[in-house]
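J.: Take a look at the letters that make up each chain.
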Amino acid sequence: MRDARSVSGLRRVFGDLLLAGVVVAVMAVAPSVYSNQLLLFNFVMFLTLSQGLNVIYGFTGYLPFGYVGFFGAGAYGFALAVMHLHAPPLAAMAVGAAAALVLAVILTPLFRLSGAYFAIANLAAAQAVYEIVSNPALEDITKGPYGVSLSGVFAPETSYAVSVAILAGTLLLVVWLRNSRFGLSLRAIKEDPISAAMAGVAVVRGRTIAWLCSALIAGLVGGAFAWQISVFYPETAFSAQFSIFAVVFTLFGGAATLTGPLLGVFILYGIYNTIGITVPQYFQLIYGTLIVALVLFLPNGLVSLLTKRGIRVP
Amino acid sequence: MLRRTLLSFAAMLSFAVQAQAQQAPAEIKIGHLHASSGPFASISMPVYTGLKIWVDETNAAGGAYVKAFDKKIPLKLISYDDQSSTATAATLYNQLITQDKVDILVADSDSVLTSVAVPIAKEHKQFLFNPTGTGAAFFIDNPWIALIADPVSTIWPKYAADYLNDEGAKAGIKTVAILYSTNDFTGTQASAVRGFIKAAGKLDIVYDQGVPTNTSNYTVLINNIAAKNPDAVLHLGYVGNDIAFLRNLQDSGQKFRFLFSIYPGIETEELLKNVGPEGMAGVFTYVTSAAYEYKPEVGWTLEQFRTAWNKANTGLNFGFNSIAGYTTGLVLQETLKGTKSLDQTALRDAVFALSGKLKTLDGPFVLDEHGGQIGEITPLGQFTAEGKEVKLDVVYPPSLANGKGVIGK
Amino acid sequence: MLIGAIISGLMFGLYFTLVGLGLNLVFGVMRIVNLAHGDFLMLGSFAAYWLFTLFGLHPLLAAVAVLVVFVAVGLPIYYGVVPRLLVARDSEMLSIILFFGLSQVIEALAAIAFGTSERSIPGRVLGSGPVSFLGQRLPSAWVFGAAVSAVAVACVYLYLYRTRLGTLTRAVMVSREEALATGIDVHRVSAIAFGIGIALAGIAGVFAPFMLGSVTPAMGADINVAAFAVIVVGTLGNPLGTVIGGIVYGIGLMLMQTYLSSWANLLPNLLLIAVLLFRPEGLFGRAVRRA
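Protein chains in written order, with this note's numbering: chain U, 23 to 336; chain B, 102 to 510; chain G, 204 to 494.
Any given hint could turn out to be false.
[Stated by the list, open to error] Output of the computed footprint for chain B on chain U, the stretches with three or more beta carbons under 8 angstroms from beta carbons of chain B:
{"#": "1", "segment": "48-60"}
{"#": "2", "segment": "167-173"}
{"#": "3", "segment": "245-258"}
[Said to hold, decoys possible] So, partial list: chain B residues that the calculated Cβ filter (under 10 angstroms) puts toward chain G:
{"#": "4", "residue": "163"}
{"#": "5", "residue": "166"}
{"#": "6", "residue": "169"}
{"#": "7", "residue": "244"}
{"#": "8", "residue": "317"}
{"#": "9", "residue": "442"}
Quick caveat, the hints were computed from the structure, so don't treat them as lab data. No experiment lies behind these values; they were computed from the predicted model shown. Glycine included, every Cβ here is placed at the ideal spot set by N, Cα and C.
Pulled out of the complex, with its shape left as it was, chain U reads as follows (with noise of 0.2 angstroms):
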């Protein structure tokens, strides 16, 4: 019994790997065989950014409506290190990350709050970083509104590299946290934090790694990101689009799950780059209803179609 429990579990990780491994390897190959990188290199920034909104709101269920103050975090902090530490592009993506962490330290009060509240206040707090960062009284520090021009460090074929790894070990990082005693926990507080509390589990400790876990790698993926492209404004950074984006693409394919964030950036992603080319003053129309059709028909996501019948996703 208990040797058949292990073995299954053990088919499951292997499942979730493989999984993640097929995503990883085509998306390291793929330039080799389609030349518009940038656009893979979105598909990889936005595999990446769901699975890390995926961690938080998946597992805890807080939904950071602001996630994309940590990514404008990872790209400031890259290239502040840049402009000022003329740091090599590695460690600056270093600093981008202890950026998004220690914001995330500052914002982990916000977990008093409950829901729908919790939401609100996060993004509430993206705007503020945003505010600070582009006023033109931080002009010798930020570049304020002016934006910034890392040109020397732009290295597209390596900071695309870079930006897979961090896709792998994010993918990794979801594959612990389905198979672990951790992520059990967390789920755990996710269906009733009182009761989780009562039966021993850590709950503030456990949120607060999902937290933490989280806003490291949406700073690190902003960190690529400024490294990709090199010259942008702080609206760039902090364009809302990254936040709604990583939301939708998550909610769409089913959160908590590994198969739901990339089978939603990939499908979703993908019509957003057709129809937003073909038929482009319809795309926010067609946009819009899709996410209100999927709220109200589907709500779990896509995975929720096979798992209502008992398949196991990974």
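Here the structure of chain U is known, so what remains is to put chains B and G in place on it, guided by the hints.
T.: Positioned in the frame of chain U, the structure of chains B and G alone reads:
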């Protein structure tokens, strides 16, 4: 011997003919982005439409003449919609370069949406025709860009500052207030004007504040400025800021001796609809090519273009950005005419060769060595109300002036 | 300057009470976050613009028309969307996403229908020249905005506390489950509250061309930020607390503009976070913290 020479000559000839036949493409692809929605739509759509009018007009005449092939080649405009999103814009620029393999790349019109094109174009050594993105960072250490249809941000406020330092000081203007929106376009103009005033040393800046670009209410700001009692007020904001500022100023009943703002001269129709002639009377502003008849040597005159615009029934107000789009088209036309090939280096050489030699309805086209536009200047003008319309006269510099500035008492 | 900023902020804040009022009513009754609130406000602005441009209709009359039409439009939207949403496990959270989608739909339709130009109604329509108020010269439009807001607050008060339907509405606000158990037609009560909520947004929109200079289809997002700050400060779920929220927001904004103008946008965001963290029940109200 003769036979051999003849043969080789014939071979060369056929090679040359072949080469030319191979080189001359069936169409020239122009890649462009526009924003049909979001915060930059109001700037982007007129530029796009102006460019499109030029493309349609050119194709109706059989295409653009390319001297290198000695024939007219039809144009194909591929313009995607970035919906004001920079992330989307970045992938679409890349799409235009790597997938559509466009011959000519034209950026979207706002600096924010242009910014993402700059490194991509540079990376692919694709020359970037930048209609109106004035961000100073674009031109640093970058041979693959030129600003086509409006001047760099340090040129914009030059004549306004010169006028204040010169005529203003003579008329007893001593103190200046500057209120600007904190974004790249208006923020750099504020820095420039501050620099010009300080350098001349004749006027005192008594109020100098930035406000967020989405500020929509200026009543208290106006009261605060009035409390400093400045002789001259410069408001540097986007079109929505200018509308709100001028309406609030009118509502407050406050008057300043000299008032400058940007958009009455750039989007005159839009301002007139929203602010009304009485709110614009006496206001100093930039005189763009939408209000000044430059004698074009190439392309339509202002009136001809306005007629074409109205005929095209775009649903958009006619303004400077419409002209910027059309001017971009004219620069493309002359570039194609002069270029040795459709190679990007040849295109760049052809654009820079136009510098100082091209005059359109947007004024003389002059590039500095970094690709910044310095020919299409923005003289200072002043509005007078005429019934339900307004009239804009150039008051400075004297070489272009067709009216005399009136500074209030 | 200080006194001027405070008095102006008071009047301006009263208008922002109106901006937040509907959002708060909807949140209070249905516990859903209407991220399309700013877009309904935008639709009200365009309604006023077209009614004025085509028929010369005075904004006050336009406000009445908007009230009727928006309530009528709100009912089917409610029945189409909200009942399904409320059975979901985490309806509060999902509502954010759903109404974000709706806001995209509205903005897209408006951009297709109206174009993206800035629109406004001439200021003289609401009286020309400044009005003197406590020694401050204020635009006459502000007086209209504040007055209409005061009337709206009074009407909402009368509705909630002096009508039968209002009593039922308050019962639903206290506890949806108990209201259901006592046989109240919760959906009917909620649908009407929803209709009133977006109608209030629409009425605020009618005056937006005067208060905000001009309007475009993309204006909704900025409005939402301000509206959220107003209702969080005022007390979430308590429509009347919105008055306090609006005034705090208005005065705060004007003080920021006076002393730290380039940081003015930080205000609503910091205010919102600070109130949620340190006084989550709003300046008066009930707890929203968990764990």
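J.: Against this structure, judge whether each hint is valid.
T.: Evaluation of the provided hints:
With 4 residues carrying a beta carbon less than 8 angstroms from a beta carbon of chain B, the segment 48-60 of chain U meets the three-residue requirement, and the given coverage holds. Proximity of the segment 167-173 of chain U to chain B, defined as three or more residues with a beta carbon under 8 angstroms from a beta carbon of that chain, is established by the 6 residues found. For the segment 245-258 of chain U, the stated coverage by chain B is satisfied: 7 residues place a CB nearer than 8 angstroms to a CB of that chain, which reaches the threshold of 3. The interface hint given for residue 163 (chain B) is violated, since its Cβ lies 33 angstroms from the closest Cβ of chain G, which is over the 10 angstroms cut-off.
Taking 10 angstroms as the C-beta cut-off, the interface hint given for residue 166 (chain B) is violated, the closest approach to chain G being about 35 angstroms. Because the beta carbon of residue 169 (chain B) sits about 39 angstroms from the nearest beta carbon in chain G, more than 10 angstroms, this interface hint is broken. Evaluation of the residue 244 (chain B) hint against chain G yields a violated restraint, the C-beta minimum of about 35 angstroms exceeding 10 angstroms. Of the supplied interface hints, the one on residue 317 (chain B) holds, with its beta-carbon coming within about 4 angstroms of a beta-carbon of chain G, less than 10 angstroms.
Interface restraint check: residue 442 (chain B) against chain G, minimum CB-CB distance 39 angstroms, threshold 10 angstroms, status violated.
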